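Trainee: Fit chain B to the known structure of chain A by using the hints.
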Amino acid sequence: MTHYPYYPGCGLSPEGFGRAFDWSIKGVNAVLGLDFREIPDWNCCGTVPYDTLHEEASFAVCARNLALAEKMGGDLVAPCSSCYVFLSRTNQYLAQYPKVKKSVDEALAAGGLEYHGKVKVRKVLDVYVNDVGNDVIASKVKRNLDGLKVACYYGCQEVRPIFGKDHPENPKYMDKLVKALGAEPVNFPFKSACCGGSLIISEEDASLDLIKKLLDSAVSNGAEVMVTGCPLCQLNVDAYQSVVNRKYKTNYHLPVLFFTQLMGVAFGLDEKELGLKTSIVPAKKALAKFI
Amino acid sequence: MAPKIGVYICHCGSNIAGIVDCSKVSDFARALPNVAVARDYKYMCSDPGQNLIKDDIKKLGLNRVVVASCSPRMHEPTFRRACQDAGLNQYLFEMANIREQCSWVHTDKEMATEKAKALVAAAVKRVALHEPLETKEVSMNANTLVIGGGVAGIQAALEIADSGHKVYLLEKDASIGGHMAMFDKTFPTLDCAACILTPKMTTVGQHRNIELLANSEITELSGYVGNFKAKIKKKARYIDMVKCTGCGRCSELCPTSIPNEFDCGLGKRKAIYIPSPYAVPNKAIIDAKNCRHLKGKAEGKADVCRLCQKGIPNRNQPGCEAEAIDFNQQDEIVEIEIGNIIVATGFQQFDPTKIYQLGYGRLNNVFTGLEFERLTNASGPTNGKVLLKDGSEPKAVAILHCIGSRDTNYHKYCSRVCCMYSLKFAHLLREKLPDTAVYQLYIDMRCAGSGYEEFYERLQEEGVNFIRGKAGEVTDLTETPEEKGKLVVMVEDTLVRRKRRLPVDMVILSCALEPRPDTEQLARILTLSRKADGFLLEKHPKLDPVATTTDGIYIVGACQSPKDIPDTVAQASAAAARVLALISKGKVEIEAAIAYIDEDKCAGCKICIDMCPYKAISFDEVKKVCRVNEALCKGCGTCVAACPAGAIKGRHFTTEEIMAEIEGVMA
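Protein chains in written order, with my numbering: chain A, 1 to 291; chain B, 1 to 667.
In isolation and in its complexed conformation, chain A is listed as follows (with noise of 0.2 Å):
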């Protein structure tokens, strides 16, 4: 079996928003063969508010889940995209820049760790897709979805800036794997556009009209449902589904999952283990023929 650290961060841990995506990636690499490890005493990724007080701190915060990463060996798996991208963003500077690489030896040395730089940061979808193959991924299906149109939204962390391998303005991943389930991906052009991120709490306008934008492209295209693999688009589009109807007099009931919850439909997992019902917008009737 293979094993991959496993970071879930603050969105999927047990009291996380994102706590769905956890437990159906754990009900998903059951079924697949896969074992993700959690870090043992993990700490906050260092992103958002703390990166813009204090970079350096942050990158030593983030670092020590990397030290730690490194001591269990493989390739470390981090969910969601903005611990995802700040864990990788981290590997890059050490690498890059020696000053901040210095300061962030020292304060890992202060705590007994040390960080050489060898953990590759990858998301779950890539693993999937990559390591598992949508091949075996195919061949794992019970229920096929046949006939189900998915809007297959990937945010705009999971594929930038240069980390992964798919294209950062044309991912195909995520549509190559809900294919292999059975489902039909809809043309979703604002695939890779912003859900407005953190900025709902700032700047709830101009989220609002990101997160219209989304929904009116994956409705209008036939999606009956929308999945994603990152907790924040995850809860912006879901959670701020109503309030886009009553600021635009709109009419959306589009369920947004995580891709990991799809597969464990079609694998014909419990839907509580999957979590389905943690969404706000319910799912029950998009995939009432499924469950």
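Read the hints as simulated data drawn from the structure, not as lab findings. Each statement offered as a hint is correct.
Some chain A residues judged to face chain B by a derived CB distance under 10 Å, without partners named: (1) H167; (2) P168; (3) E169; (4) N170; (5) P189; (6) F190; (7) K213; (8) S217.
Keep in mind it's a predicted model, so treat the numbers as computed, not measured. Beta carbons are placed, not taken as given, at the ideal position from N, Cα and C, and that holds for glycine.
Mentor: Relative to chain A, chain B alone:
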């Protein structure tokens, strides 16, 4: 005779003296064994500096000279000449590089001075063992090979041919003319490109000193300056060049229609075709990949189509009456002998499909710069009318600068010509469609050149909209009624600090100029180097911009870096002058620092023959020993190291000399 060495330390202004204590180094040198005199001077390469050496040779009877200054690439010939002028064999000279390899790369003055001393000690030890060597001269073949038939190659070929010397002009395509032949107008004077280029093209075709090898490629090169041998592959054209009259009847008969490369795929051509209205040579060519008969033949089917040859008798349409079509033609390899080579292989346009968000190849009416050239060209697919794919005229056009240039994802360099050709496009649009709005989306306007800034100013007055910002996306996803049915260009206008959505009908991508994909292969054949950006490397970017590190091979035009037509033509003329200078000299000097085989020690094992990269070693069947061809040997030393009997000596790089140098630097 005991060595009597003079050592000269150059300050090079403050280049060396700023870091290295030159007087300390000369004091050090003076105390070394065999050194008769040591001096330091501000500029050793100046006349007074050289005179110091010459006077010392004459007055003190020096028989060895060391100069510690810059790289030997820079001034070794200068000081060798000074020695020779004073009656000393030029090989009794050695240079220590205390600038590039010392003062320029170090900051610690004391350590740098110590290093300079070590380098000088090494040179002094080595020079003591130098032997006088004689250079030889061989005659210069007066024929020249020009590779590439664009404006650069045409210019170089004509200048050399006009002086009465033979030129082989090699062109991989069916016609010469290159990119310039595809243009409509040229900036900033708005000369018609065809009007200024076609006379030159026809002259090339008719010139008695130019042998045009169209549809041909170089496959192999051997030899050295003055005496190169090149193998040329003349690709099968399936046309008898003597018989074909260029009437074009064959194309009319051909039933296969495919996108025309000369029109960037916007128009159509036949499988048998004449490349352009002003093609030189003005002869037909068959595209074997698309010809029904040749495809059929390759699949073993006998006699498919052949309408071009047979005609359609029942409709009273005869086939090729000149009987010029020859389906049995094969690729042919010819060997030519030349003295010099000018490489003028040009560039290729960056492929913008790589930048997905700009929509090229996905959205109708997003064009590349070259495609727009064809659209505005009277000989192009729309007869010079600027039309959208649906045949209507655009009401608004956006020209997007720096596509693939000045972009760390693609090419870091500026392609130099795009600002100007974008301005030219804007002018042509204003002229042809006065009611159409034209937007230029630029990062910086770079209009350096004679008359260029004035042209920019003129365009501002012609009512073109300049928006400072690089376009981020071109989309057909519209948001407002005004945008409906249009392409929307998204850009941050950095002068007013606002995001803008520009609804337009046509988008032109001003794409980068990049190295041709076969540059690497060509560089390998010709033993040329390339720069980090993939273009061919010149010998010196400022002082020797058309020569290369391989003597007798010159690079001109856009194969070296992106260039406009004036610069390209200037380089072509410069290279032609360099070639003519060598031809008029008539002789070429051969380096004396080459390999020498001691026939008494040679066992005839032939290991060296296989090792030699220049094919300079042959086997004497009578004496059963190997022998070096002095004209071909480059003195690389590979055979010296390889010889199991130690029978080969690298002149000027003997084991003793190299060991002495190492001892000197370690001492």
